[in-house]
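Novice: Chain by chain, the residues:
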Amino acid sequence: MLKKKMIRDIRRHKTQFLSIFLMAFLGVFVFAGVGGESVGLEVNVDKFYDDTNLADGWIYSNYINDLFLEQVNCLGATNQMERQLVVDSIADFSNDPEITLHFVENNTISKFYLIDGEPVDINDKNGVWLDKSFADAKGLKVGDNITFKFEDYKIEKEIKGIGYSPEYVYHASQSSVIPDFSKLGFAYMSYKAFPGDTVPYNVLNVKFDGTAENYNDLLDYHMDGYYNSFVERSEHTSVSQFSEEIDQHQMMAGIFPVVFILIAMLILLTTMTRIIAHQRTQIGILKACGFKDKSIMLHYISYGFWLVLIGSILGLIIGPMTLPKLFYPSMSSTYILPSWNPAWSMNFVYVALAMILMSLLVSYFAF
Amino acid sequence: MSTIIEFKNVDKIYKSGDHILKAMDNVNFTIDEGEFVVILGPSGAGKSTLLNLLGGLDMLTSGEIIVNDNHIEEFSDNQLTDYRAKNVGFIFQFYNLIPNLTALENVELMKDIVDVDINGLEVLESVGLKDHADQFPAQLSGGEQQRVSIARAVAKQPTMLLCDEPTGALDSKTGVLILNLLQDMSNNQGTTVVIVTHNAILAHAADKVIRIKNGQIECIVINENPKKVADLEW
Ligand SMILES: Nc1ncnc2c1ncn2[C@@H]1O[C@H](COP(=O)(O)OP(=O)(O)OP(=O)(O)O)[C@@H](O)[C@H]1O
Ligand SMILES: [Mg+2]
Chain R
5 MLKKKMIRDI RRHKTQFLSI FLMAFLGVFV FAGVGGESVG LEVNVDKFYD
55 DTNLADGWIY SNYINDLFLE QVNCLGATNQ MERQLVVDSI ADFSNDPEIT
105 LHFVENNTIS KFYLIDGEPV DINDKNGVWL DKSFADAKGL KVGDNITFKF
155 EDYKIEKEIK GIGYSPEYVY HASQSSVIPD FSKLGFAYMS YKAFPGDTVP
205 YNVLNVKFDG TAENYNDLLD YHMDGYYNSF VERSEHTSVS QFSEEIDQHQ
255 MMAGIFPVVF ILIAMLILLT TMTRIIAHQR TQIGILKACG FKDKSIMLHY
305 ISYGFWLVLI GSILGLIIGP MTLPKLFYPS MSSTYILPSW NPAWSMNFVY
355 VALAMILMSL LVSYFAF
Chain U
4 MSTIIEFKNV DKIYKSGDHI LKAMDNVNFT IDEGEFVVIL GPSGAGKSTL
54 LNLLGGLDML TSGEIIVNDN HIEEFSDNQL TDYRAKNVGF IFQFYNLIPN
104 LTALENVELM KDIVDVDING LEVLESVGLK DHADQFPAQL SGGEQQRVSI
154 ARAVAKQPTM LLCDEPTGAL DSKTGVLILN LLQDMSNNQG TTVVIVTHNA
204 ILAHAADKVI RIKNGQIECI VINENPKKVA DLEW
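So the protein sequences, as listed, match chains R and U.
Using my numbering, you'd call the opening residue of the first sequence number 5 and step up by one each time.
Using my numbering, you'd call the opening residue of the second sequence number 4 and step up by one each time.
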């Protein structure tokens, strides 16, 4: 029966309680929505990095010969390595697009992620595996030919596969932050496709144990002078740009809900204080009838509890269902990932629970 | 008839700052089961104080209050709440209904606190309000509201009904109706009814009249042949 009283009381103060409900809903909605989006990005990109065995670090040097490999291997911490020749080229189109060519030795680290065509074949001298974004922008298909010019060379290759690379989740030219995929791209080829006699490898992709800092110290100590620079994963342009983006989203997921939740709690506090002050006589009646102080308190606490509970459950469901869909389309015009799926985190539930607990405390305080 | 309520040397002292007020001063009386008792006395005499002590809404300063062989003055807060829920039906001057609940819901609200099987409509019928079951307090007249609060009080099937000026806010015709109803509860259902009133005429209808003044018992009169409320000259 007290539940009926509660529902009618809430209806009488519907503006205030609607605001409480909406703010509680929005708080969890944004937290779980943007959270689902950004956690999703994190999960998707981590899976992409794992699937393609993204390098832990890149050693740049002009002398990546067998001796060099031997020395890097002797560092102890090195688990896996593979060298590449990475050169800038101009593809043969009217807008002179810049294509970064990767002549790879094995395709074992920072592997090409195939979407269409056949897998990378190290013995294939004529094939090229092309950036899907560039291929799409130019209308190129598997089986088409494409010509690259670099240094004094001009090579024409057949497109054997189209796909992604973990090193190009974010790829923008110096001139613009937002990538124009018709003007730039990347391509993977076997080292056997290199037109010269010997391949002048200039990058060594490495996977190592321990921290990047330790590895850098090892390199410094043992190989100072033999290499130009070392880039750890978190400093890589693509990796760092994408993780900064995730950080920004997570900050947004952190700040907005706090504001909404605070507003919800403030309205709850003022509304309940007013209702309870207004119902002192009724509280007296209930006590005289024999209602326990505890039941009366629970009655008044339940007003906020139910609204905040329903608001947060709806927020938990609707947030991750809608907000990622809103964000991902614009994200995918800047970043290239094989999959865009929102992800769930128990943190969403914890925040909802924390807010529900807060509403209990606020109502208790008003009583 | 067996004694159901006993006040033994009851004192109640209110202190506010240096000011000390003896609202109950060595009060002694007994009430039998099913009695229709009227408490009379001038304003400030301590009538409400007596009723609140008996109903467990207030704690005495010294003495004993024995109800059904239990010492109320020794009860903890929880026991007092339980005592109020099971033994006491309060009826106040102002009808004190929950404004957001209908007449029927106000009565059935008592289901939340006692294990008694309550048929709200039946109880409302017994106070002649079956047809008003779905009306909210604001849609009822004062007399009707007071009848709802009586219905609510008796629904719990309490040992006693404690009424503090139940007709104080009603016109005399409606007042008679209410008092008649209360007398019936006592005569027909064996409920002990204690009524505080300013109206001395009601004394003729009481089984027992307790007059108090300045917190002390002035006299206690037992009527061998109480009149029917309806037969009194108002
Ligand atoms: N909570 C309290 N604190 C201090 N004094 C009180 C309190 N309640 C009652 N009193 C005092 O105790 C005395 C008795 O009060 P009580 O309410 O019992 O009188 P009453 O007989 O019911 O009067 P009335 O007919 O006007 O209702 C009064 O002098 C009153 O001022
Ligand atoms: Mg009084």
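Treat the hints with caution; some may be incorrect.
Said to hold, decoys possible - Derived EDC-like pairs: lysine to aspartate or glutamate, alpha-carbon spacing no greater than 20 Å straight-line:
hint, chain 1, residue 1, chain 2, residue 2
1, R, K296, U, D137
2, R, K142, R, D100
3, R, K296, U, D115
4, R, K296, U, D118
5, R, K153, R, E102
6, R, K296, U, D61
7, R, K196, R, E155
8, R, K329, R, D228
9, R, K8, U, D80
10, R, K298, U, D118
11, R, K291, U, E128
12, R, K298, U, D134
13, R, K9, U, D80
14, R, K129, R, D100
15, R, K9, U, D115
The set of hints was computed from the structure by calculation and includes no laboratory data.
Novice: Each of the hints needs a verdict: does it hold here or not?
Specialist: Outcome of the hint check:
Straight-line distance between C-alpha atoms of R/K296 and U/D137 comes to about 27 Å, which puts the hinted pair past the 20 Å bound. With a C-alpha separation of about 12 Å, the suggested pairing of R/K142 with R/D100 holds against the 20 Å cut-off. Our distance criterion of 20 Å between C-alpha atoms is met by R/K296 and U/D115, whose separation comes to about 10 Å. For the given pair, R/K296 sits about 15 Å from U/D118 by alpha-carbon distance, which is consistent with the 20 Å threshold.
In summary, the hint linking R/K153 to R/E102 is supported, as the alpha carbons are separated by about 10 Å, within the 20 Å threshold. A hinted pair counts as satisfied when its Cα atoms are at most 20 Å apart, and R/K296 with U/D61 qualifies at roughly 15 Å. About 18 Å separates the Cα atoms of R/K196 and R/E155, which keeps this hinted pair within 20 Å; it holds. A distance of roughly 49 Å separates the Cα atoms of R/K329 and R/D228; the hinted pair therefore is violated under the 20 Å criterion.
Only pairs whose Cα atoms come within 20 Å are accepted, and R/K8 paired with U/D80 is rejected, the gap being roughly 27 Å. Distance check on the hinted pair: R/K298 and U/D118 sit about 18 Å apart at the alpha-carbon level, within 20 Å; holds. The suggested pairing of R/K291 with U/E128 is violated, with an alpha-carbon distance near 26 Å, which exceeds 20 Å. Of the supplied pair hints, the one linking R/K298 and U/D134 is violated, its CA atoms being roughly 34 Å apart against a limit of 20 Å.
Distance restraint check for R/K9 and U/D80: the Cα-Cα separation of roughly 26 Å exceeds the 20 Å cut-off, and the hinted pair is therefore not satisfied. At most 20 Å may separate the alpha-carbon atoms for a hinted pair to count; R/K129 and R/D100 exceed this at roughly 24 Å. For the proposed pair R/K9 and U/D115, the alpha carbon gap of about 13 Å is at most 20 Å, so the pair holds.
Of the numbered hints listed earlier, those contradicted by the structure are 1, 8, 9, 11, 12, 13, 14.
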